[in-house]
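**Student:** Here is what each chain is made of, one letter per residue.
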Amino acid sequence: MEPVITIEHLYKRFGEHVVLQDFSMTVDKDENVVVLGRSGVGKSVLIKCIIGLLRADKGKIVVLGEDIESLDHDQMDKMRARVAFLFQSNALYDSMTVRKNLEFPLRRHWIDRTREEIDALVKEALSNVGLADTIDMMPEELSGGMKKRIALARTLILRPEIILYDEPTTGLDPVTGKEISNLIMEIQKKYHTSSIIISHDMHCVRRTAGRIVLLMDGRNYCSGTYEELNKSDDPAVKQFFE
Amino acid sequence: MLQIKNIYGRIAMTTLKGWPEYSHPDNLTMIRDSVDTGQPKGVCFGLLLLHIIRYMAIPVKMRQFFEMTGELSKFTGRLFVEGVKPRWEFAELLRQCYMIGNKSLGLIGLTGFIMGLVLTMQLRPSLVEYGVESQLPAMVGIAIVREIGPVITALIFAGKIGSSIGAELGSMKVTEQIDAMEVSGTNPFKYLVVSRVVASTLMLPVLVVLSDGISLIGAYIGVNIRSVTSFHLFFRQVLDNLAFGDVLPAFIKTFLFGFAVGIIGCYKGYYSSKGTEGVGRAANSAVVISSIMIFIIDLIVVQVTDIMGVN
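The listed protein sequences derive, respectively, from chains A and B.
If you use the numbering used here, the first sequence corresponds to residues 1 to 242, in order.
If you use the numbering used here, the second sequence corresponds to residues 1 to 311, in order.
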């Protein structure tokens with residue numbers, strides 16, 4: 001199967017602190033890959049390099065057939081419309097209503113759509129996450145779980161081919177975390193998206209992972225399905241599954 | 001080791017060889033990014049000079065000043081590039097004009113009124129001493145329109161709008177809202193920065209005109225505290241003594257003041273460091289730097305208009 005994301009020999013450091021060194025991985029179409037690793041190991045840095053928020057020191061990242069290092073501003077914006085990013089903090093625009101949060105990317109990418117079409121897309125995205133009645137609310141009026149769902153609806157609004165999830169269940173109670181994990185799977189089935197999910201919540205990992213990549217010391221330490229890694233005798237791997 | 005193909009890049013690398021920072025990967029990446037990606041030769045020489053300056057034994061504060069000046073110049077350059085490229089954010093521009101203009105009106109009006117009143121009351125004793133009390137409206141009018149009105153209004157504007165832009169963008173940066181716009185490919189620079197800078201550039205001149213008018217009303221009341229002068233006579237004296245050379249430079253510099261407040265507030269907020277402390281620092285330094293810039297611009301405009309004979 002053709003990979004939608006290819007990362008080859010990626011290096012990233014901040015001053016003296018080496019985060020990624022010689023990291024490589026691929027993500028195939030319709031595949032959910034969970035990147036597992038301890039806090040501060042560089043998981044978020046990795047997906048920020050993929051979306052171009054951070055620039056790698058060395059290495060190659062190809063997303064949907066395009067080498068992101070070679071893209072100019074406009075090309076990068078077009079590519080980003082095909083790749084969505086769910087922030088750990090949700091990053092909802094706090095000066096806008098839920099409707100405006102969802103309309104914001106739509107009005108800038110799909111400029112030929114009518115107001116009615118945009119309205120219908122917003123309502124559909126909200127229905128997908130089960131929060132149609134929050135359309136005119138402000139982000140501050142929403143609970144943590146609702147904010148996460150709205151952020152998820154916003155990532156879906158442009159019908160992305162790839163979704164990058166940065167710790168989607170962190171800070172949520174176990175029940176809401178489970179709901180978000182289920183929602184990720186529903187979205188994947190409905191829209192056939194490929195995903196990279198950064199997480200160390202093992203419930204979320206088990207529910208969502210098609211394949212797991214273990215990030216350790218800046219490298220792709222090992223990869224495999226949940227069951228494969230769960231059976232591993234390597235102490236470095238076992239500590240995550242105990 | 002990164003490969004530097006460009007000859008100017010190689011000169012930069014060779015020059016850096018004598019410094020311990022030579023092997024630092026940040027330097028190599030910076031050279032690679034700027035030199036090996038087809039930048040003009042001038043930029044490469046500039047980079048070489050920057051590296052020499054960066055690692056020479058110059059005070060840290062001075063180095064930071066040069067670095068900030070360079071970054072701010074790049075930021076301003078991007079503003080002009082993004083500002084002329086469609087799609088324009090007219091709705092956001094209008095919203096910002098309302099927020100920046102309308103919401104500042106009360107404060108600007110109040111301070112303008114007090115400024116006119118106090119200035120008149122302070123000037124009167126000196127003019128009485130020299131027996132030219134009748135020139136009070138003319139003197140106050142010229143002082144307000146040429147200098148005090150634009151500068152004081154711009155300083156108040158910097159305090160209110162510069163800090164608010166710095167804090168707003170700073171908190172958006174800290175809460176990853178700017179990154180969220182960036183990753184959705186919606187060009188936050190155009191939406192957040194261009195609209196705010198254009199709005200502050202357009203709104204400050206309007207506020208200064210209103211402030212000048214209100215100041216003159218304050219001055220009229222100030223004149224009438226100790227003597228009786230009709231409204232018509234007061235304004236006739238003010239307007240008769242104002243020339244084109246008084247109004248035009250004062251009006252032009254208000255656009256520059258507005259631009260400076262907008263761009264510095266946006267720059268400080270857009271690149272504020274992480275954390276709430278960073279937001280506070282962004283708001284504070286936006287006001288401080290804007291205020292200094294207002295005086296520097298004022299000095300330059302006065303000198304230029306003087307040389308051109310407009311004064």
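Check the hints yourself; a few may be wrong.
[Unchecked claim] Residues of chain A clear of chain B, computed beta-carbon distances all greater than 10 angstroms:
(1) Asp28
(2) Arg80
(3) Val83
(4) Ala91
(5) Asp133
(6) Gly144
(7) His200
[Unchecked claim] Dumping the calculated SDA-like pairs for lysine to any residue here, alpha-carbon to alpha-carbon at most 25 angstroms:
(8) Lys48/A x Glu182/B
(9) Lys103/B x Lys48/A
(10) Lys48/A x Asp179/B
For the record, the hints were derived by calculation from the structure and aren't laboratory data.
Even for Gly, the Cβ is constructed at its ideal location relative to N, Cα and C.
**Student:** Could you run down the list of hints and mark each one as holding or not?
**Tutor:** Hint by hint, here is what the structure shows:
no. : hint               : in the structure
1   : Asp28              : holds (22 angstroms)
2   : Arg80              : violated (3 angstroms)
3   : Val83              : violated (8 angstroms)
4   : Ala91              : violated (4 angstroms)
5   : Asp133             : holds (23 angstroms)
6   : Gly144             : holds (14 angstroms)
7   : His200             : holds (20 angstroms)
8   : Lys48/A x Glu182/B : holds (11 angstroms)
9   : Lys103/B x Lys48/A : violated (38 angstroms)
10  : Lys48/A x Asp179/B : holds (10 angstroms)
When the structure is compared with the earlier hints, violations turn up for hints 2, 3, 4 and 9 and for no others.
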